[in-house]
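*Asks:* Each protein sequence line maps, in turn, to chains A and B.
When we follow our numbering, the leftmost residue of the first sequence carries the number 1, and every step to the right adds one.
When we follow our numbering, the leftmost residue of the second sequence carries the number 67, and every step to the right adds one.
Hints are computed from structural coordinates only; laboratory data are not their basis.
There could be a bad hint or two in this list.
To be verified - Listed next, the stretches of chain A that the computed footprint assigns to chain B, with coverage defined by at least 3 CB atoms under 8 Å from CB atoms of chain B:
no., segment
1, 3-13
2, 47-57
Claimed, not checked - In the PhoX-like style, the derived pairs of lysine-lysine whose C-alpha atoms are separated by at most 25 Å in a straight line are:
no., chain 1, residue 1, chain 2, residue 2
3, B, 156, A, 36
4, B, 129, A, 36
5, B, 194, B, 218
6, B, 156, B, 218
7, B, 132, B, 142
8, B, 132, A, 36
9, B, 142, B, 98
10, B, 194, A, 36
11, B, 80, B, 142
12, B, 194, B, 156
13, B, 82, B, 218
14, B, 98, B, 291
Every residue gets a Cβ at the ideal spot worked out from N, C-alpha and C, and that includes glycine.
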Amino acid sequence: MRAIINGEPREIPDGLTVGALLRHLDAPARGIAIAKNDRVVRRGTYAQEVVREGDRIEIIRAVAGG
Amino acid sequence: MTASKSFGRWQVDKLKIGSHVFDSRLIVGTAKYPTLEVMQAAHARSGAEVVTAAIRRINLDDKSGKTLLDYIDRSKYTILPNTAGCYTAKEAVLTAQLARELVETDLIKLEVIGDPETLYPDTAETLKAAAELVRDGFTVLPYVLDDPVACKRLEEEGCAAVMPLAAPIGSGLGVCNPYSIRIIKERARVPVIVDAGVGTASDAAIAMELGVDAVLMNTGIAAAKDPVRMAHAMKLAIEAGRQAYLAGRMEKRLYANASSPMRDLIAVDD
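Isolated chain A (complex conformation) (with noise of 0.2 Å):
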């Protein structure tokens, strides 16, 4: 299915949960906040999120910035 990722359509296997989304993506564990559909997926709960067709997730980081 597709999923849109940090803005990019992309191929992921049906059924993930945020949990196993960021290993798939081989994403980092730590440093990192996520939403979904406009909405923060609390630290917690990624083992029970899921993801779903068409779902709009962003993976963010803390940067430079003043």
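Given chain A, put chain B in place with the hints provided.
*Replies:* Frame of chain A; chain B shown alone:
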């Protein structure tokens, strides 16, 4: 207590933003330093207790794993995440919520830009985002024009401070409109933090002498030829400006007024 007894007395002079209390009145950024090690040294020398950070998407192809947060000692510094780069209230609100989840803080520097060339804020969107973030429990510090009315409106929305610009972001022009900064400070019941446009130490001192509560700067330190030394200069300027403000400057006069006595002068033969 008589007035004379308070002369020279070292007052407890803390910066309070919402429930957060700081000794330093200098807030510094984390961008544009030659290296992250220089940034760390500059932060230490500045005496700042609050440093800003931006929020961006991760690069899924970058496996290095280190982020800015690895270069900031959380036991020494409070992180003030920003919503820089946002152009709508909606973007800013989600960015703030992500920042809160990431950094575990209720503090947010709210920045909603209205124009890419001047980087002036969009006041209407900033107000909208501020109202929503205050409702959501954030301690909101909005970047705002040096506009006393906009500052008042943001305060009325429940912002914990207002942060009028001294000059455009990254311009280093110093306090362009000291009169409006003074009016903002006179009317505000929340801390006023001059944010953006400070180029050198005297700019920071001028801002503090106007009575503002703190100054937030990034490029003024990071783009100096020696950022670590400039960080120290800014620390001294902030402290000097604050003390001068508390001391209360003398009145300006058009003509001279001798400091040495005019009596008992010696005389010589012509």
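*Asks:* For each hint, tell me whether it holds in the structure or not.
*Replies:* Hints and how they fare:
1. Evaluation of the coverage hint for the segment 3-13 of chain A: fulfilled, as 3 residues show C-beta separations to chain B shorter than 8 Å, against a requirement of three.
2. Restraint check on the segment 47-57 of chain A versus chain B: 0 residues with Cβ-Cβ distances below 8 Å, three needed, restraint violated.
3. The hinted pair formed by residue 156 of chain B and residue 36 of chain A meets the criterion: a straight-line CA distance of about 14 Å does not exceed 25 Å.
4. Of the pairs offered as hints, the one joining residue 129 of chain B and residue 36 of chain A holds, with about 23 Å between alpha carbons and a cut-off of 25 Å not exceeded.
5. For the suggested pair residue 194 of chain B and residue 218 of chain B, the alpha carbons sit about 14 Å apart, so the restraint of at most 25 Å is met.
6. With a CA separation close to 22 Å, the supplied pair residue 156 of chain B and residue 218 of chain B stays within the 25 Å bound.
7. Restraint check: the Cα-Cα separation between residue 132 of chain B and residue 142 of chain B comes to about 19 Å, which is no more than 25 Å; the hinted pair holds.
8. The hinted pair formed by residue 132 of chain B and residue 36 of chain A meets the criterion: a straight-line CA distance of about 24 Å does not exceed 25 Å.
9. With a C-alpha separation of about 21 Å, the suggested pair residue 142 of chain B and residue 98 of chain B falls inside the 25 Å cut-off, and the hint holds.
10. Restraint check for residue 194 of chain B and residue 36 of chain A: the C-alpha separation of about 22 Å stays at or below 25 Å, so the hint holds.
11. Between the alpha carbons of residue 80 of chain B and residue 142 of chain B the distance comes to roughly 17 Å, so the proposed pair stays at or under 25 Å and holds.
12. Taking the CA atoms of residue 194 of chain B and residue 156 of chain B, the gap is near 9 Å; set against the 25 Å cutoff, the hint holds.
13. This hinted pair checks out: residue 82 of chain B and residue 218 of chain B have alpha carbons roughly 18 Å apart, not beyond 25 Å.
14. For a cut-off of 25 Å, the pair hint linking residue 98 of chain B to residue 291 of chain B stands: about 12 Å separates their Cα positions.
When the structure is compared with the earlier hints, a violation turns up for hint 2 alone.
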